[in-house]
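K.L.:
One-letter residues, chain by chain:
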Amino acid sequence: KNQVEQSPQSLIILEGKNCTLQCNYTVSPFSNLRWYKQDTGRGPVSLTIMTFSENTKSNGRYTATLDADTKQSSLHITASQLSDSASYICVVSPGSPTDKLIFGTGTRLQVFP
Amino acid sequence: EAQVTQNPRYLITVTGKKLTVTCSQNMNHEYMSWYRQDPGLGLRQIYYSMNVEVTDKGDVPEGYKVSRKEKRNFPLILESPSPNQTSLYFCASSFTGTETQYFGPGTRLLVL
Chain A
54 KNQVEQSPQS
64 LIILEGKNCT
74 LQCNYTVSPF
84 SNLRWYKQDT
94 GRGPVSLTIM
104 TFSENTKSNG
114 RYTATLDADT
124 KQSSLHITAS
134 QLSDSASYIC
144 VVSPGSPTDK
154 LIFGTGTRLQ
164 VFP
Chain B
-11 EAQVTQNPRY
-1 LITVTGKKLT
9 VTCSQNMNHE
19 YMSWYRQDPG
29 LGLRQIYYSM
39 NVEVTDKGDV
49 PEGYKVSRKE
59 KRNFPLILES
69 PSPNQTSLYF
79 CASSFTGTET
89 QYFGPGTRLL
99 VL
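Sequences listed follow chains A and B, in order. The numbering used here applies: residue 54 is where the first sequence begins, and numbers increase by one. The numbering used here applies: residue -11 is where the second sequence begins, and numbers increase by one.
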């Protein structure tokens, strides 16, 4: 069964610290993996998108990695800011446009001053 | 400004009263989709559309209808809403189903 699992479910860190969020998937075949940031009460916004041939992609202080062999991805946030408080959602796209996207349930990150 | 818009943003209704949530995008995207988001369950796809007049069921289509008569619009219809459809709804669009999706601001629905 195609699944995406994210860990931890929630995370609290202090401002300025780094953190890493995990995403494991069992989706096959695989087209791409995306990370979204969702502020409370708002729509998700894309952070990165990676195909199976890419193993790292950065967007400012956000760096995503992908290991297609072990089917794992991580999102690393450097020097966290209060505005990083949000839910981070991992989404995997199977092999064709007609296949349904597989969503993780997200990691809720809270950054405290 | 490139965007996905949804209306209304907030809606309180009663069981059985038909309602429509509109979604419109100005990016000439072919792919559009509706999701609902509930605590602990994440985003779940209701319906999606690959192009005009082409729609298909997502993971939780029961109780919902959609139509895609024009490329830019993809309304979500609840013919007879029930309390278990109380949720936060998002519309999204992209050029194809495999590319980055752009999400609308969400519609918070309460069915009494």
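Just so you know, the hints here were simulated from the structure itself, not pulled from any lab data. Since the structure is predicted, the reported quantities are computational estimates derived from the model, not experimental observations. Note that CB positions come from ideal geometry on N, CA and C, so glycine has one too. Incorrect hints may have been included.
[To be verified] Pairwise CB distance ranges (calculated):
id : chain 1 : residue 1 : chain 2 : residue 2 : range
1  : A       : R161      : B       : L7        : 38 to 46 Å
2  : A       : S106      : B       : R96       : 20 to 28 Å
3  : B       : S55       : A       : S111      : 34 to 42 Å
4  : A       : G148      : B       : G51       : 24 to 32 Å
5  : B       : T3        : A       : N112      : 27 to 35 Å
6  : B       : K5        : A       : I65       : 39 to 47 Å
7  : A       : S63       : B       : T10       : 29 to 37 Å
8  : A       : L64       : B       : R96       : 45 to 53 Å
9  : A       : N112      : B       : D47       : 22 to 30 Å
10 : A       : R95       : B       : L7        : 38 to 46 Å
[Said to hold, decoys possible] In silico lysine to any residue, SDA-like type, Cα no more than 20 Å apart, as pairs:
id : chain 1 : residue 1 : chain 2 : residue 2
11 : A       : K54       : B       : G46
12 : A       : K153      : B       : Y52
13 : A       : K124      : B       : G46
14 : A       : K54       : B       : V48
15 : A       : K153      : B       : V2
16 : B       : K53       : B       : V2
17 : A       : K153      : B       : K45
18 : A       : K153      : B       : V42
19 : A       : K110      : B       : Q33
20 : A       : K153      : B       : P49
K.L.:
With the threshold set at 20 Å, check whether the alpha-carbon distance from K153 (chain A) to K45 (chain B) stays at or below it.
P.N.:
Given pair K153 (chain A), K45 (chain B) holds - Cα atoms ~9 Å apart, limit 20 Å.
K.L.:
So if I understand the rule, the pair passes when the alpha-carbon distance is 20 Å or less; does K54 (chain A) with V48 (chain B) pass?
P.N.:
holds, 17 Å
K.L.:
Holds or violated: the 45 to 53 Å window for the beta-carbon distance between L64 (chain A) and R96 (chain B)?
P.N.:
violated, 26 Å
K.L.:
Holds or violated: are the alpha carbons of K153 (chain A) and Y52 (chain B) at most 20 Å from each other?
P.N.:
Roughly 18 Å between the alpha carbons, so the hint for K153 (chain A) and Y52 (chain B) holds.
K.L.:
Please check whether K5 (chain B) and I65 (chain A) have a Cβ separation lying inside 39 to 47 Å.
P.N.:
Since K5 (chain B) and I65 (chain A) have Cβ atoms about 42 Å apart, the given range 39 to 47 Å holds.
K.L.:
Could one say that the CB atoms of G148 (chain A) and G51 (chain B) fall in the range 24 to 32 Å?
P.N.:
Hint holds: Cβ distance 30 Å, inside 24 to 32 Å.
K.L.:
Does the alpha-carbon distance linking K153 (chain A) and V2 (chain B) stay inside the 20 Å limit?
P.N.:
It is violated: about 31 Å lies between the C-alpha atoms, which goes past 20 Å.
K.L.:
For the range 34 to 42 Å, tell me whether the beta carbons of S55 (chain B) and S111 (chain A) fit it or not.
P.N.:
holds, 40 Å
K.L.:
For the pair supplied as a hint, K54 (chain A) and G46 (chain B), is the alpha-carbon distance within the 20 Å limit?
P.N.:
Given pair K54 (chain A), G46 (chain B) holds - Cα atoms ~16 Å apart, limit 20 Å.
K.L.:
Tell me if the straight-line CA distance from K110 (chain A) to Q33 (chain B) falls inside 20 Å.
P.N.:
violated, 27 Å
K.L.:
Within 20 Å, alpha carbon to alpha carbon, are K153 (chain A) and V42 (chain B)?
P.N.:
Judged against 20 Å, a Cα distance of about 15 Å means the pair holds.
K.L.:
Does the Cβ-Cβ separation between S106 (chain A) and R96 (chain B) fall within 20 to 28 Å?
P.N.:
violated, 39 Å
Hint violations for this structure: numbers 1, 2, 5, 8, 10, 13, 15, 19, all remaining hints satisfied.
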